[in-house]
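My request is simple: use the sequences and hints to build the entire structure.
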Amino acid sequence: MRDVAIIGVGMIQFGRRDEDSLMDMLANASLKALDDAGLGDKSVDAVVVGNMGSGIIQHQTAVASSLVDRLSLLPAAAETVENGPASGGSAVKNGLLAVASGYYDTVLVVGGEKMREVTGWRATDFVATMTHPLAEYIYGVTLPGMAGMFARLYMEKYGITREMLVAVAIKNQEMGGHNPFAHVEMAITKEGIYDDPASIVNNPVVADPLHLYDACPVSDGAAALILCPLEKIKNPTKPPVVIAGFGQATDTQTLQEREDPTDLKAVTLAAQKAFEMAKLKPSDIHVAELHDAFTILEIAESEHVGFFKKGEGGKAALAGKTKLGGQIPINVSGGLKARGHPVGATGVAQVVDIVYQLRHELSKDRQVKNAQNGLTVNFGGFGNNVLAFVLRRV
Amino acid sequence: MQKEIGIVAYKCRKCSKLHYPYHDRCLACKSREFEQVKPEGKARVLTFTRIYNLPWGFDQRYLTIGVVEFENGVRAMGQINVDEQFDLKTGMMMKPTWAPVREQYGEHVYGLVLESFG
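Residue numbers (the numbering used here), protein chains in the order written: chain A, 1 to 394; chain B, 1001 to 1118.
Bear in mind the hints are in silico, worked out from the structure with no lab data behind them. Don't take each hint at face value.
The list that follows gives simulated cross-link-like pairs (lysine-lysine, DSS-like), each with its CA atoms no further than 25 Å apart [to be verified]:
hint	chain 1	residue 1	chain 2	residue 2
1	A	K310	B	K1089
2	A	K321	A	K364
3	A	K281	A	K321
4	A	K273	A	K310
5	B	K1011	B	K1095
6	B	K1011	A	K265
7	A	K265	A	K315
8	B	K1095	A	K265
9	B	K1017	A	K265
10	B	K1089	A	K157
11	A	K273	B	K1030
12	A	K234	A	K42
13	A	K279	A	K310
14	A	K321	A	K310
15	A	K232	A	K42
Derived coverage of chain B by chain A (criterion: at least 3 residues anywhere in the stretch with Cβ under 8 Å from a Cβ of chain A; other residues may be distant) [what the hints assert, rightly or not]:
hint	region
16	1013 to 1023
17	1045 to 1055
Listed next, with one range per pair, are the computed distances between beta-carbon atoms [to be verified]:
hint	chain 1	residue 1	chain 2	residue 2	range
18	B	K1089	A	P197	23 to 33 Å
19	B	S1016	A	Q60	45 to 55 Å
20	B	H1108	A	E361	50 to 60 Å
21	A	A198	B	E1004	41 to 51 Å
22	B	K1030	A	E19	43 to 53 Å
23	B	H1108	A	G159	34 to 44 Å
24	B	Q1085	A	E163	23 to 33 Å
25	A	T189	B	K1095	36 to 46 Å
26	B	S1016	A	E79	41 to 51 Å
27	B	E1084	A	P197	14 to 24 Å
28	A	G159	B	D1083	24 to 34 Å
Glycine included, every Cβ here is placed at the ideal spot set by N, Cα and C.
Next comes the structure, spelled out in structure tokens:
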């Protein structure tokens, strides 16, 4: 296996992008990554696109074949990877394995999704198609609904309070305000969403016990990166970042079949494998992008990957230990909560954000000082397909 | 006449692990031999949520959904038919029924609906 480096990254602003088609977004993010890698007029061996819903939302399939044509990357190999909200992470994994194996030398990985093209009703239904068709979907359960049921159990078992969830929301939206690619750039305060009468209007329940500000937005967006073998990099203009570790694990499709539904086993296993491969431990990580589709997930994942003991993640968030400058800065990009969650883009965007961190390219209101190692967790389904990557600055 | 609960769970003949929904191999021991089991008795609420942002196909203000465990150990998701004022709690016993849970192509789709006893 060869060491695999990320030599170029690109991202477009997430949000509501009525002016762009899905293909526009994938192409623009890809061009940025190609330019960043110094391959602006060159080709690549292969392209992997992470996308969950073009077949449903845009009524368009085989987007990777379309993208290589549009980008004049022919005759590069191309395929689309669909793995629910972990499609982006799976695309990175497929590119990683292709380069690590020695089969390809340069792979463009791009993740993208255009979700705001349809009404909220339709978008919610589209995301819910990942639930079990007979045992879950028919009842009208949504992903916020799954998160609500998980949150109730997690909060009861570990004493997580709404104040702790609100602390995550405030932190991530504040960071989104510093991120030019974020969907949500509006900082929020505890007053108005937590403990005053206006919070009933400002922060209504969406899937109790979760409220509006516990959930990520529905977004359009795309992010891309270029992979190549570390050994082939000569005279780099930017510090190379390697994917030092990778792990993936699955769990039961339905929450009800998990012995302990509060135990996110796939998160633990994916992270353990990634740490093992990288020969690092949680305390070696300087910055992390966790899949905070809901605030409760950032807290739960921060425990399951090993940053905090079970039951301590909420207290850590409340104490500011996960803020920029804290013990382990989490989602200083704003996370899914503020950067947004175009489902197929998220897993790639998380890696791109860690690359910015490890190259030390960000403004001081977002840069983790001297960050050398980073972690990403991309959470598919409701924790039934999870990918983790450990990145290291060379 | 009340409809029979249309859920079939699967008990592994080798290790007795109970499954719902169906799996081709036992999640514990990978055996392929199962005995069909119908849910029995009342249903205890393990967790629940009230969803206010509903997906396409539901023309109502909210929907209460939960995961319950029947007295013989079968676990399933279902809709909980209680109003907003009802003080629903985990651990509460509910009466299981088999009733329309949504409409598709002009026809009712039946599923598990939990009712309160009081």
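Outcome of the hint check:
Note on A:K310 and B:K1089: the hinted pairing holds, with a Cα-Cα distance of about 24 Å set against a maximum of 25 Å. Proposed proximity of A:K321 and A:K364 is supported: the alpha carbons are some 18 Å apart, at most 25 Å. Distance hint between A:K281 and A:K321 is fulfilled; the C-alpha atoms sit about 18 Å from each other, no more than 25 Å. A C-alpha spacing of about 19 Å is found between A:K273 and A:K310, which places the hinted pair at or below 25 Å, so the restraint holds.
Our distance criterion of 25 Å between C-alpha atoms is met by B:K1011 and B:K1095, whose separation comes to about 23 Å. Distance restraint check for B:K1011 and A:K265: the Cα-Cα separation of roughly 23 Å lies within the 25 Å cut-off, and the hinted pair is therefore satisfied. A distance of roughly 22 Å separates the Cα atoms of A:K265 and A:K315; the hinted pair therefore holds under the 25 Å criterion. At most 25 Å may separate the alpha-carbon atoms for a hinted pair to count; B:K1095 and A:K265 exceed this at roughly 32 Å.
Between B:K1017 and A:K265 the CA atoms are separated by roughly 19 Å; this keeps the pair inside 25 Å, and the hint holds. Taking the CA atoms of B:K1089 and A:K157, the gap is near 14 Å; set against the 25 Å cutoff, the hint holds. The suggested pairing of A:K273 with B:K1030 holds, with an alpha-carbon distance near 24 Å, which does not exceed 25 Å. Restraint check for A:K234 and A:K42: satisfied, since their Cα atoms lie roughly 16 Å apart, inside the 25 Å limit.
For the proposed pair A:K279 and A:K310, the alpha carbon gap of about 23 Å is at most 25 Å, so the pair holds. This hinted pair checks out: A:K321 and A:K310 have alpha carbons roughly 15 Å apart, not beyond 25 Å. Note on A:K232 and A:K42: the hinted pairing holds, with a Cα-Cα distance of about 16 Å set against a maximum of 25 Å. Under a criterion of three residues with beta carbons nearer than 8 Å to beta carbons of chain A, the stated coverage of the region 1013 to 1023 of chain B is upheld, 3 such residues being counted.
Counting residues of the region 1045 to 1055 of chain B whose CB falls under 8 Å from any CB of chain A gives 10; the rule of at least 3 is met. As the Cβ distance of B:K1089 to A:P197 is approximately 26 Å, the hint placing it in 23 to 33 Å holds. Hint check: B:S1016 to A:Q60, Cβ distance near 48 Å, so the stated range 45 to 55 Å holds. Remark: the range hint 50 to 60 Å for B:H1108 to A:E361 is upheld by a beta-carbon distance near 57 Å.
Evaluation of the 41 to 51 Å hint for A:A198 and B:E1004 yields a pass: the beta carbon distance comes to about 49 Å. A hinted range of 43 to 53 Å for the beta carbons of B:K1030 and A:E19 is consistent with their spacing of about 52 Å. Distance hint check for B:H1108 and A:G159: the Cβ-Cβ separation is about 42 Å, which falls inside the suggested range of 34 to 44 Å. Roughly 26 Å separates the CB atoms of B:Q1085 and A:E163, a value that falls within the hinted 23 to 33 Å.
Range check, A:T189 to B:K1095: Cβ separation about 45 Å, and the 36 to 46 Å hint holds. For B:S1016 and A:E79, the hinted distance range of 41 to 51 Å is satisfied, since their beta carbons lie about 42 Å from each other. The given range of 14 to 24 Å is respected by B:E1084 and A:P197, whose C-beta atoms sit roughly 19 Å from each other. Checked against the hint of 24 to 34 Å, the C-beta distance between A:G159 and B:D1083 comes to roughly 29 Å, which is consistent with it.
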